[in-house]
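Asker: Chains as they are written, first to last, in the numbering used here: chain A, 16 to 106; chain B, 248 to 529; chain C, 21 to 403.
Bear in mind the hints are in silico, worked out from the structure with no lab data behind them. Check the hints yourself; a few may be wrong.
To be verified - With a straight-line Cα cutoff of 20 angstroms, these simulated SDA-like cross-link-like pairs (lysine to any residue) come out:
no., chain 1, residue 1, chain 2, residue 2
1, C, K350, C, G325
2, B, K316, C, K350
3, A, K34, B, I259
4, B, K465, A, K34
5, A, K66, B, K298
6, B, K298, C, Y249
7, B, K316, C, K377
8, B, K316, A, R41
9, A, K34, B, K316
10, B, K465, B, E433
11, B, K316, B, R267
12, C, K377, C, R343
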Amino acid sequence: MKLWRKPFDMADKAPNPVKLHIDVDRCKGCGYCAEFCPRGVLEITGELSPKGYDMVRVVDESKCLGCGLCEAICPEFGIYLITEDKQVKEV
Amino acid sequence: MTKMLTVEVNPIDCYLRVDRIPHIWCAGCGIGPAAGCFLRAIDRAGLEPDKVAVVSGIGCSGRVAGYIKLDSFHTTHGRALPFATGLKLGNPELNVVVFSGDGDIAAIGGNHLIHSARRNIDMTVICINNFNYGMTGGQMGPTTPLGARSATSPYGNFEYPFNLPYLVAACGATYVARWTVLHLRELERSIAEALVKPGFSFIEVLSPCPTVYGRQNKSPRGLDEMRSYKERSIIRDGADPKDVGISLDGPIVVGKFVDTERPTLWDCYQQMLDRANKSKKR
Amino acid sequence: MSKEEVLCGEFFMNGDMACAEGAISAGCRFFAGYPITPATEVAERMSERIPQVGGVFIQMEDEIASMNAILGASWAGVKAMTATSGPGFSLMMENLGLGIMLETPCVVVNVQRAGPSTGLPTLVAQGDMMQARWGAHGHYEIIALSPDSPQEVFDLTITAFNLSEQYRVPVLLMTDESVGHMSEKVVIPRINQKKLVSRPRPTVAPEKYLPYDSREGLVTPMAIAGEGYRFHVTGLTHDDMGYPVMTAEAQDKLIRRLVDKIRLNAKEIIRCEEIDIDDAEVVVVSYGISARIARYAVQKARGEGIKAGLLRLITVWPFAEDRIRELASKVKAFIVPEINYGQMVREVERCAAGKAKARLVSHMGGGVHLPETVLEAIREEAR
Chain A
16 MKLWRKPFDM
26 ADKAPNPVKL
36 HIDVDRCKGC
46 GYCAEFCPRG
56 VLEITGELSP
66 KGYDMVRVVD
76 ESKCLGCGLC
86 EAICPEFGIY
96 LITEDKQVKE
106 V
Chain B
248 MTKMLTVEVN
258 PIDCYLRVDR
268 IPHIWCAGCG
278 IGPAAGCFLR
288 AIDRAGLEPD
298 KVAVVSGIGC
308 SGRVAGYIKL
318 DSFHTTHGRA
328 LPFATGLKLG
338 NPELNVVVFS
348 GDGDIAAIGG
358 NHLIHSARRN
368 IDMTVICINN
378 FNYGMTGGQM
388 GPTTPLGARS
398 ATSPYGNFEY
408 PFNLPYLVAA
418 CGATYVARWT
428 VLHLRELERS
438 IAEALVKPGF
448 SFIEVLSPCP
458 TVYGRQNKSP
468 RGLDEMRSYK
478 ERSIIRDGAD
488 PKDVGISLDG
498 PIVVGKFVDT
508 ERPTLWDCYQ
518 QMLDRANKSK
528 KR
Chain C
21 MSKEEVLCGE
31 FFMNGDMACA
41 EGAISAGCRF
51 FAGYPITPAT
61 EVAERMSERI
71 PQVGGVFIQM
81 EDEIASMNAI
91 LGASWAGVKA
101 MTATSGPGFS
111 LMMENLGLGI
121 MLETPCVVVN
131 VQRAGPSTGL
141 PTLVAQGDMM
151 QARWGAHGHY
161 EIIALSPDSP
171 QEVFDLTITA
181 FNLSEQYRVP
191 VLLMTDESVG
201 HMSEKVVIPR
211 INQKKLVSRP
221 RPTVAPEKYL
231 PYDSREGLVT
241 PMAIAGEGYR
251 FHVTGLTHDD
261 MGYPVMTAEA
271 QDKLIRRLVD
281 KIRLNAKEII
291 RCEEIDIDDA
301 EVVVVSYGIS
311 ARIARYAVQK
321 ARGEGIKAGL
331 LRLITVWPFA
341 EDRIRELASK
351 VKAFIVPEIN
361 YGQMVREVER
371 CAAGKAKARL
381 VSHMGGGVHL
391 PETVLEAIRE
401 EAR
């Protein structure tokens, strides 16, 4: 990310650690998460999942900002991320 | 020290009938993301899930009712709106949401659409527009753009399509918006607004349909249609619905077009009850 | 229900109005309809009375919407009704099927008029009797009642609601323009609330609830929206969970239960009126307005020394098969006066199985039989 001026508190504001979970049983290899991730964290590998779909995988988890776009855009509810401040709802 | 939540399942699974996942929608279909936006919007709007009822019609969009873990009704083709009307009038405390496709709501259900909007009955309609009848194999529908190919317009569609926001706004809906499934955050916010707003709220959601519509119209992968949304869509909140028609390759205007106030059907009904009971007392 | 809200006493009203009052007495608090001669008066009376009792009246944009609206209201927990005539009845068929498939209690009134198509909008017929049984696509079983007077319209409307709630099926009230538009004395009794039936409710916690739990028997407990049961119901062939299942096994199980829940309980559901049947040699089988003429003809025949009897069908569907079979070995002939070209006579003939003749006395519609016509048929068959 190119910054024209470094924020003074940049060192303190590191993004929260994020864990990405990909559900290989649900993924149908549409490629939306890889295409629209703003940081290029995901890519389509070309390998097949156990169900025969193109698999997506995490390229570099450290680049992930935890924006949640992949989670929202996945048509299969097959990718989700967990950050430390995320609430899990019991319904 | 940061503590990571170990969660084995997708948090949204609490709202899904996980015994029926994976669902039937194709790879790249936009109905999944639209349903996801709706589910997140329920929490965002602060609704009580037990009081939310989902009514859907027939078609791919109609299958949403079967995957959502709320009181849900999968009714007949085009008739989700009158069913939802009865449901809402029977129990006005319910928050009724209708999921329907473009053909279901504007062709066979067209009459019910215009009357429900006219009545301004308090419900939220999420119309997933993929420009064709997907489930039956990609036939043209009332929103198929002029010139588009489909299973029943192999030489190109020769009918003008509906401009759904224009139609519904003209009939009296008090909240009209259109988003594509790419505009996830805006869509989620829009649905949350519509859910709490009294009156007839109509949200058109443009969705890729790679298997049939896309394949017949030079966009065989979902990505192709999504990329075209990215290129062609312009956000114009408050645009005049008259100007937001969609052509085969022209701009796609999205945004919140109408957000007005008008007494709902129930408000008018209460006023009528006052009159009825006043005359009885006399 | 307060005394002022639900009527009580003796009134002079026509069949349509009696229908509306019967519905209100039965606890109906939702009416959706569309104007159509000769059923419009039901809607008009409901539009005036239902707000007085705290219910909801809405005139929908067409009959299809009306049928769907009453299904929705029923799923919100409210007893619901619609009223129409032939053309509207045809429109309602698809969603009557939805009501049957979802197992939704509701009442559909058909004030029959002459058809097909626009026909004679203001004149009587009984031409929709087979449509009542088979009108929706697919195979199913239905309950249909046929009153012969405004008083009976009132009584049977309450019966219709009770049956629909008990068996979780739409019940058809097949009146006709004659009964609907004639005015007679109607006695509205004090309604015993305990006699009104409501649908079976779930007895288990929401997590354990199945919308069509076949372990509960043929009629399964019904949850309503908004109570936390989080059920899913669909018009697709489904399993006990309400989920669509696309297999022949699921279809077999579902159709058998939908049909058996009526068929196996037919004895409790079927109601007939019998006059002078015990020693009858000729039995007139009739229903609705035709039964009034038949009653007079049978009376006159007895006066002439003919051993005639009347079997008046109050429940037209399920059909009183057993009674016809029983009588077929004892009588010379069944005479079936109906205002159509032969619909219920086919059922009589089928059940008589050749043991007795089934003779149709038909009137195409636009009026009712002359008693003499029926009497002549009785005389001929008694010879």
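Asker: Evaluate each hint against the coordinates.
Answerer: Structure-based check of all given hints:
no. : hint             : verdict
1   : C:K350 to C:G325 : holds (18 angstroms)
2   : B:K316 to C:K350 : violated (59 angstroms)
3   : A:K34 to B:I259  : holds (16 angstroms)
4   : B:K465 to A:K34  : violated (37 angstroms)
5   : A:K66 to B:K298  : violated (37 angstroms)
6   : B:K298 to C:Y249 : holds (10 angstroms)
7   : B:K316 to C:K377 : violated (58 angstroms)
8   : B:K316 to A:R41  : holds (18 angstroms)
9   : A:K34 to B:K316  : violated (26 angstroms)
10  : B:K465 to B:E433 : violated (28 angstroms)
11  : B:K316 to B:R267 : holds (11 angstroms)
12  : C:K377 to C:R343 : holds (15 angstroms)
Checked against the numbered hints above, the structure violates hints 2, 4, 5, 7, 9, 10; every other hint is satisfied.
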